[in-house]
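Asks: Take the given structure of chain A and dock chain B to it, following the hints.
Which chain is which? The protein sequence lines are A and B, in order. Start counting the first sequence at 1; every next residue gets the next number (the numbering used here). Start counting the second sequence at 330; every next residue gets the next number (the numbering used here).
Warning: the hint list may mix true and false statements.
Below, in silico cross-link-like pairs of lysine-lysine (DSS-like), each with a Cα-Cα straight-line distance of 30 Å or less [as the list claims (entries may be wrong)]: (1) A/K148 / B/K477; (2) B/K345 / B/K647; (3) A/K179 / A/K16; (4) A/K148 / B/K373; (5) A/K257 / A/K318; (6) B/K508 / B/K586; (7) B/K373 / B/K477; (8) B/K345 / B/K477; (9) B/K373 / A/K44; (10) A/K44 / B/K477; (11) A/K258 / A/K148.
Simulated from the structure, these hints should not be mistaken for lab results.
There are 2 protein chains.
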Amino acid sequence: MKRATVGETGERELIKLIRRLFPSSRREVMRGIGDDAAVIRPGKTPWVLTKDLLVEDVDFRRSLHPPFLLGRKSLAVNLSDAAAMGARPALALLGLGLPPDLDLAWVREFLRGFRSRAREHGVDLVGGDLSASREIIVSVTVLATAAKTIGRGGARPGDRLYVSGTLGDAALGFALIEKGKAGGRAAAGLRRAFLDPSPRVELGLDLARLDLPSAMIDMSDGLSVDLAHLCEESGTGAEVDLARIPLSGEMVRLGGKKALDYALNGGEDFELLFAARPTRRNESRLEEMGRRHAVTPIGRIVAGRGLTAVHPDGARVKLAVRGYEHFRG
Amino acid sequence: MKRATVGETGERELIKLIRRLFPSSRREVMRGIGDDAAVIRPGKTPWVLTKDLLVEDVDFRRSLHPPFLLGRKSLAVNLSDAAAMGARPALALLGLGLPPDLDLAWVREFLRGFRSRAREHGVDLVGGDLSASREIIVSVTVLATAAKTIGRGGARPGDRLYVSGTLGDAALGFALIEKGKAGGRAAAGLRRAFLDPSPRVELGLDLARLDLPSAMIDMSDGLSVDLAHLCEESGTGAEVDLARIPLSGEMVRLGGKKALDYALNGGEDFELLFAARPTRRNESRLEEMGRRHAVTPIGRIVAGRGLTAVHPDGARVKLAVRGYEHFRG
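Okay, chain A solo, but in the shape it has when bound (with noise of 0.2 Å):
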């Protein structure tokens, strides 16, 4: 066995290594590891379990996120693999690694902050463990119900590719806020969508219900990983059309020339991506939903390996997978 670091060997590969080395057996086991949560059914109806690690200083920094907000996006972040899987939140477990000579205030709102973000989904914190740290370490569970879940690995050529919400503005908020640069009025949404991002839960539910996506994923990385990520598992490749990514006001008037770029690989968007076969019965109800939530259809489905980005003048690119990495810095 060649000698390698973590760092050096990257985040999937990790991920294969743990999948090969823990093939599933129990027949309560739906999906196990490799989706956006795994699945069990313990009686009629399946459970989804979602697990999320928040470490300070790589996954959020004391100094620039209020502890309040970070209850609340701790939280979020687990919200949004249940949403993305069409399962209904329920239950969390709550690990906090906190060093000693953290103020109890600190503590106190990152509670308050979790509560405020479990009340609105009707989630009750039922457990979980403290321990000591150098830095703050954040670690949680939630529990889902699902009538059925949808996975990562169901596209098929031919089916359209949708995205919730606009992309890239948590990463551009990031971006302004670390530069000391936050940006007034004129950034707000940018600020929130990083600070304290809303997961699409209802969406999720909906889009469940209505059986309307082949495969689901929610965007944590960036889009262009995320959607690597389900053509991996679906076994296809995607056209993306630069054209049609939604992209807010203030990302148009803030993000410039960087602003596609923060789109397609800017992480911590927790919209979700989906790809829906293109029947009436499906467009009709995608119409309908609009409604209610802002979807948008960006794309396509593809035969084959590898993601294609299609220019407004028909200009056709390889797609660069350039999100975020964990271990690599």
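Replies: Leaving out everything else, chain B in the frame of chain A:
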């Protein structure tokens, strides 16, 4: 509000704060924050949820703990929580925070250890999350099933107190390893108790099946602390007969004058502590069980508050509660 740090507040007060902030409302929640694990009833069968966070240099040291055994232990401590509820472990989620410069071989050995413990108990790893971090972070969630769960709060005056196995071995094992005095074959059991503890899953299941314990807890912080937890939740006091505390042969030979201190206040035994009514039925079942599991009566639950140590000569003194407290070093 008085300003205070996490360290000044302490783990128990933090848990009380969380409990106060998050009252449970959902009907499927049978036990929430404050027991060994949460219990939910998604269908007919109750499910038990545990979560443990292990942080490098707080909960383990990389230089002292072979990664294979750390993988086994990080699952074992969660299995022990499930055992304390009388539940059968079924599924696990694994969150890992890994320093980018960590050798991949370490991760591989850790995962193999985790898998070996999982296989012993028929547990499937179904999901998790990875993040970069400065120190190694291990966050495990276990889901277990139970026909009937046993909490911490059901003990009544007159109940007898029992413990499984022998106490203090892990703490003495850690002390020897830390001092670089591994102790050779004469201390093999002590080292194993610390590096590779055995969760009492089968005992927990047998006890639950026989409906024996009125209250049960696993000893992660030390007998005095964990007994205090059980008594606090039950609203009782307890008396411990010091002469009856079970000590291993290695402890008797190597623990010297501190043997009883290790047994009373050393953490990480992961043995079960439980109370049971002194009925003829229970006594005869416990006797029968003694052939399969080592279980020792060590005292009794009494009315009022506080813990009393009963010396061999009959002298009664207050039992000091001095086990492991996170955040206080």
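Asks: List in ascending order the numbers of the hints, as given earlier, that are violated by the structure.
Replies: 3, 11
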